[in-house]
Amino acid sequence: MPPDSPPAAVPAPDLSTPAPPNLIALFVAFAKMSLAGFGGVLVWARRGIVDQHRWMTADEFNETFALCHFLPGPNIVNLTFVFGSRFRGLAGGIAAFAGLVGPPAVIVTVLAALYQRFGEIDALRRILAGVSCAAIGLLISTVFRMMLPLIKRRDLVGLVVMLAVFAAIGLLRLPLPAVLLVAIPLSIAITYAMRRKGAT
Amino acid sequence: MNSDANPLLALASTFGLMSLFAVGGASTAIPEMHRVAVDVQHWLTDRQFADIYAISQLSPGPNVLIVTLIGYSVAGIAGGLVATLAMCVPTAVLAYYVSRVLRRSSDARWPTLIQAALVPLSIGLMGASGFVLARTSDRTVAAALVTAGAAVLASATRLNPGWLLLAGGCLGFVGLIG
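Line order of the protein sequences matches chains A and Y. For the first sequence, position 50 matches number 50 in my numbering, and the numbering has no gaps at all. For the second sequence, position 77 matches number 77 in my numbering, and the numbering has no gaps at all.
Misleading hints may appear alongside valid ones.
Pulled from the structure, derived: some chain Y residues nowhere near chain A, Cβ distances all over 10 Å [said to hold, decoys possible]:
#1 P7
#2 L9
#3 A12
Covered stretches of chain Y (in silico footprint by chain A; criterion: 3 or more residues with CB under 8 Å from a CB of chain A, positions within the stretch not fixed) [to be verified]:
#4 15-27
#5 30-44
#6 51-64
#7 68-78
#8 130-143
Across the chosen pairs, the derived CB separations fall in these ranges [to be verified]:
#9 Y:D39 x A:N22: 45 to 55 Å
#10 A:G119 x Y:L113: 44 to 54 Å
#11 A:A189 x Y:A156: 33 to 43 Å
#12 Y:V40 x A:Q116: 16 to 26 Å
#13 A:Q116 x Y:C170: 23 to 33 Å
#14 A:K152 x Y:I77: 43 to 53 Å
#15 Y:V152 x A:I190: 30 to 40 Å
If you're looking for bench data, these hints aren't it; they were derived computationally from the structure. In this text the structure is predicted, and so the values were computed from the model without any measurement. Don't be surprised by glycine CBs; every beta carbon is placed ideally from N, CA and C.
The shape of chain Y in the complex, shown without the other chains:
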């Protein structure tokens, strides 16, 4: 534990920096969040991280709120607030200025080029998120089967994701996941 440093400062610098590298959204940064929060700073255990991910998926709102949960478990309400703002504000300000510049320039070729180049990157990052989370959560065969089943159902049908989360919760409650 990095106890000599102010936890709020650590949260602000961790997530402020991380947001600048979160290409393709908050869910691509999950492996990095896990690496920093569990392996580097020891803010959370593996199990707590998996639980926090589940809670963030259960609540409404943007995916980025997993950061609020990490901040809250480090330093209470102030921690949640600092982590959330650190993750959101720098890139929002960047987006604000870039959008103003782009609206005045007619050269729209660069954005599409950069976007095309970033798409495979963000898919790879999201795949890594799934893998890292599966390794922390799917410790039994039954758990892995639930994940696989949810993945297949969500890919093959247009089922509302909420039902799959609910089904997972029920299977867990009756003790099938272990």
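Next comes chain A alone, as it looks inside the complex:
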């Protein structure tokens, strides 16, 4: 499996496609996107990959993102790794991953060290408490925005699955693996059954 065979197998008829990026270009590009991305890197990743560098078309990007979204783990990390390896094999994946995670991990470690040293200072405590209240509000609004399509489609099954998972994890505090081992097969089976019913 030569690492450069997939792009060769799917030639994009796009005249503006530049040469595939080298390892340093991958590292730098992902470091930039990552450092720009307050509260989520995805927006910046799309802007960088599709609009700025034209390394992928919008459709290719959506396809790759969809794949990484249904696989477990941090989506943007998966996307970065798959993206890098598409151009330069495993080394490309590692270079892009190092760019995405390395520089912000250094920043976050410095912040953690400062917190351990000064975390008991009253003013800092109050500021962090305020930031975390607002950050939770942002998370809740993301959940709300993701829920809207389900409500609009009157997707009762989806809403019931959503509420059941919420109750199991948020209220009952059951372990995640146990909940998912039940919920994932069940949800896939229901979705499959509904689609078959819809098709016939």
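Fit chain Y to the given chain A structure using the hints.
This is chain Y only, laid out in the frame that chain A set:
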């Protein structure tokens, strides 16, 4: 405290396993992180967990870096490194192989079916994240109002999230949150 076990090993196995169950991204695994780090392993207190979440939101980069912070508070720089790699590498390798297989197969129906089935699951998990975090952070009425206000503003407007975090920090600094 699970002091007989090597903390790095505990971090690696905890987050390596957790990553495989983090459907829909790192923020869906926050209740599980809280359960393991606060309730099971006693690595952090409730308050420290809330602070770490705030720090992770204040810094640039992917959401997964909250894991780096948990690892750092358990075992320093090595802990941060081990936790981060354990959370990222197994699923990245999985994604790499699955993407190679899918590019060669023409049957694109399964991914969309699985994805459709997983969307409500990940919304439920993220809702639980918000709930668990709110319970650790919003201990006063004022704090709950700030969370609610940020949620409404972020849903109704296209305001840059950074401004809301900054506003929350200012309200906290002047002592409104308590």
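Here's how the hints hold up against the structure:
Taking the minimum C-beta to C-beta distance to chain A, about 16 Å, the non-interface status of Y:P7 holds against the 10 Å cut. In this structure Y:L9 is separated from chain A by more than 10 Å, as the shortest Cβ-Cβ distance comes to about 19 Å. Residue-level check passed: Y:A12 sits 15 Å from the nearest beta carbon of chain A, beyond 10 Å. Requiring three or more residues with a Cβ within less than 8 Å of a Cβ of chain A, the coverage given for the region 15-27 of chain Y holds, as 11 such residues are present.
Counting residues of the region 30-44 of chain Y whose CB falls under 8 Å from any CB of chain A gives 4; the rule of at least 3 is met. With 14 residues having a beta carbon nearer than 8 Å to a beta carbon of chain A, the region 51-64 of chain Y meets the requirement of three or more and the stated coverage holds. Proximity of the region 68-78 of chain Y to chain A, defined as three or more residues with a beta carbon under 8 Å from a beta carbon of that chain, is established by the 5 residues found. Requiring three or more residues with a Cβ within less than 8 Å of a Cβ of chain A, the coverage given for the region 130-143 of chain Y holds, as 8 such residues are present.
In this structure the supplied range 45 to 55 Å holds for Y:D39 paired with A:N22, their Cβ-Cβ distance being about 46 Å. Against the hinted window of 44 to 54 Å, the Cβ-Cβ separation of A:G119 and Y:L113 comes to about 47 Å, which satisfies the hint. Remark: the range hint 33 to 43 Å for A:A189 to Y:A156 is upheld by a beta-carbon distance near 37 Å. Take Y:V40 and A:Q116: their Cβ atoms lie about 22 Å apart, and the range 16 to 26 Å holds.
With their beta carbons about 24 Å apart, A:Q116 and Y:C170 fall inside the hinted range of 23 to 33 Å. Take A:K152 and Y:I77: their Cβ atoms lie about 47 Å apart, and the range 43 to 53 Å holds. For Y:V152 paired with A:I190, a C-beta distance near 33 Å keeps the hint of 30 to 40 Å intact.
Comparing the model with each numbered hint stated earlier shows that all of them hold.
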